[in-house]
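Since chain A is already given, all that's left is putting chain B on it; use the hints.
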Amino acid sequence: MSAEPVATRELALAGASAPAVLPQTGRKGEIRIANVVKIYGSEATGVRAVDNCTFDVPAGKITVVVGPSGCGKTTLLNAIAGFHSISSGTIHLDGALLCGPGRPKADPGPDRIVVFQNGALFPWKTIIENVAFGPMMQGRMNKKEAFERARAMLAEAGLRNLEDHYPGEISSGMRRRVEIARALMNDPKVLLLDEPYRALDSLTKSVMHEALLETFDRNQVTIFFITHDLEEAIFLGHRVVIMTTRPCKPKKILSVDIPHPRDYSVLTAKRFREYLDETVEAVHEEALKAFAAGERER
Amino acid sequence: MLLGFALFLAFWYLTVEVWKLPRFAQMPGPTTIITEWLSSDPTYGLSIYSPEYYQHIWVSWRRVSIAFLLATATGVPLGLFLGWSQPFKEYVFPVFELLRPIPPLAWVPLAIIMFQGSETPIVFLTFLASFYATTLNTMLGVESIDVSFIRAAYCLGAKRRQVFWHVVVPGAMPFIFTGLQISVGVAWFSLVAGEMVSGQYGLGYLINTSYTMVQYPTMVIGMITLGIVGYATSAAVRIFGNYLMQWRTRELGMGGDK
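As you go down the protein sequences, you meet chains A and B in turn.
According to the numbering used here, the first sequence is numbered sequentially starting from 1.
According to the numbering used here, the second sequence is numbered sequentially starting from 1001.
Think of the hints as simulated: they come from the structure by calculation, not from any bench.
Since the structure is predicted, the reported quantities are computational estimates derived from the model, not experimental observations.
Ideal placement from N, C-alpha and C gives every residue a C-beta, glycine not left out.
Hints may be right or wrong, so weigh each one.
Stated by the list, open to error - The calculated lysine to aspartate or glutamate pairs, modelled on EDC-like cross-linking and capped at a C-alpha distance of 16 angstroms, are:
id	chain 1	residue 1	chain 2	residue 2
1	A	Lys189	A	Glu285
2	B	Lys1159	A	Asp107
3	A	Lys251	A	Glu285
4	A	Lys252	A	Asp51
5	B	Lys1159	A	Glu278
6	A	Lys205	A	Glu195
Said to hold, decoys possible - Restraint-style ranges between C-beta atoms, simulated for each label pair:
id	chain 1	residue 1	chain 2	residue 2	range
7	A	Lys144	B	Ala1073	28 to 36 angstroms
8	B	Ala1106	A	Thr45	46 to 54 angstroms
9	A	Leu97	B	Arg1160	20 to 28 angstroms
10	B	Gln1086	A	Phe291	53 to 61 angstroms
11	B	Arg1160	A	Gly102	17 to 25 angstroms
Chain A with its partners taken away, still in its complex shape (with noise of 0.2 angstroms):
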């Protein structure tokens, strides 16, 4: 990860201007967000959360979303899975519509998976209950077919000998991990992470962040990411795209051309430092309106 090509720069700027909007893939999981407007309340007194948002989720690719805490971004991921609705836009999730005109909301589903900010596996349940919820509520598997699927997959993700503790008695970085494979067992198209990092320490979130480059690096499941963390972002995606404060919609579109797998050590990659140094000034010029809103409101 030291050898530093030497066109470098070039890469960088010529990441910077990345398209909204890609040609189609093979792969699937590929979510297209459309003219989408989000405004909560009435259309003349309410707030404009999502603004005329359009751009591409790749299938197969880490999206990450960056923008200052409460700009919209978790609207847009509750658009796509399904637990709000949108005022007007498209949403199409591998050219099938999600939400738009006629149909305002999505029905949540095992094609999309949520991992949420404060996690949500359910502490009555034990682990291997946890992670073989999904298709056991399908009716895709029977029980015994379902924890086999569920303690192989738990294995493959360095989790072993936790099948019958409670949420409870892990620490919150295993259940990050175990929400992760919870969510696999469903094979989804797309997996919606909700800042499922932001409550964790500096040295757990990195090992986090290792974990789930991995997890990506055997699946290749299509990841859309929510952040306010710009170096998180940058480590994690292959495309980043930085929101504006409300009302959200895309400030700039980055590609992120560090080859996968990637490892901890890029964070100190000339290149990185260049992304970083080239996107931290737009990222905080949105976070000092986002402040400057938050003053006015109050």
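Here is chain B on its own, set in the frame of chain A:
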């Protein structure tokens, strides 16, 4: 805990038997009570040796058990549906809230008119207070469930009915058991009210008759017995709850790393 009891007994002993404060003139002291309670030949005819004593406990306990089980069997499902279904709540909850403030004592005449004999009215009164506590806590339990759990279940492909059984019921469980503990407490509370009005046995009846017959030590024995039996039943509910919610006990045992 022992120190607390010791202090309480000492206070009782000092106020009644040593200082003989005027307010406490009619009150029997702890030594009188204890000798009476443990005597094989009690002055007022009731101690741990008399079968009648156990008859009173048994009758009261049976009434509370029936009422408590009925209240649980109806209150838990009602509370679950109130919390789970908004339309159902809109129909039922206002009526529920209107009936709830009516104290069990106010139901006494109606209960006597409505039900035959002396047993059913008492059970009914005991049931009422229990039922409100259970229903309300269960409903709050459902409403307190983190929406992420429900969303996660839908994401993982669960149907509405499955979400109800796998998320709503276990998620409300801690509140349900808090409710049941309160419920068993208020059951004893309204039982005594009912027994003072009618019936021939029971601890409430015992307290009331010993009062009218100026058997004050027996009256206090009845009160202490109520305390002990009430404590035991609510401890039993708690133990059963902890058994059902091992995930929670183990989590709390970990020191709450959240």
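Consistency of the hints with the structure:
| no. | hint | result |
| --- | --- | --- |
| 1 | Lys189(A) - Glu285(A) | violated (34 angstroms) |
| 2 | Lys1159(B) - Asp107(A) | holds (11 angstroms) |
| 3 | Lys251(A) - Glu285(A) | holds (11 angstroms) |
| 4 | Lys252(A) - Asp51(A) | holds (15 angstroms) |
| 5 | Lys1159(B) - Glu278(A) | violated (46 angstroms) |
| 6 | Lys205(A) - Glu195(A) | holds (11 angstroms) |
| 7 | Lys144(A) - Ala1073(B): 28 to 36 angstroms | holds (34 angstroms) |
| 8 | Ala1106(B) - Thr45(A): 46 to 54 angstroms | holds (48 angstroms) |
| 9 | Leu97(A) - Arg1160(B): 20 to 28 angstroms | holds (23 angstroms) |
| 10 | Gln1086(B) - Phe291(A): 53 to 61 angstroms | violated (37 angstroms) |
| 11 | Arg1160(B) - Gly102(A): 17 to 25 angstroms | holds (23 angstroms) |
In summary, the numbered hints that this structure violates are 1, 5, 10.
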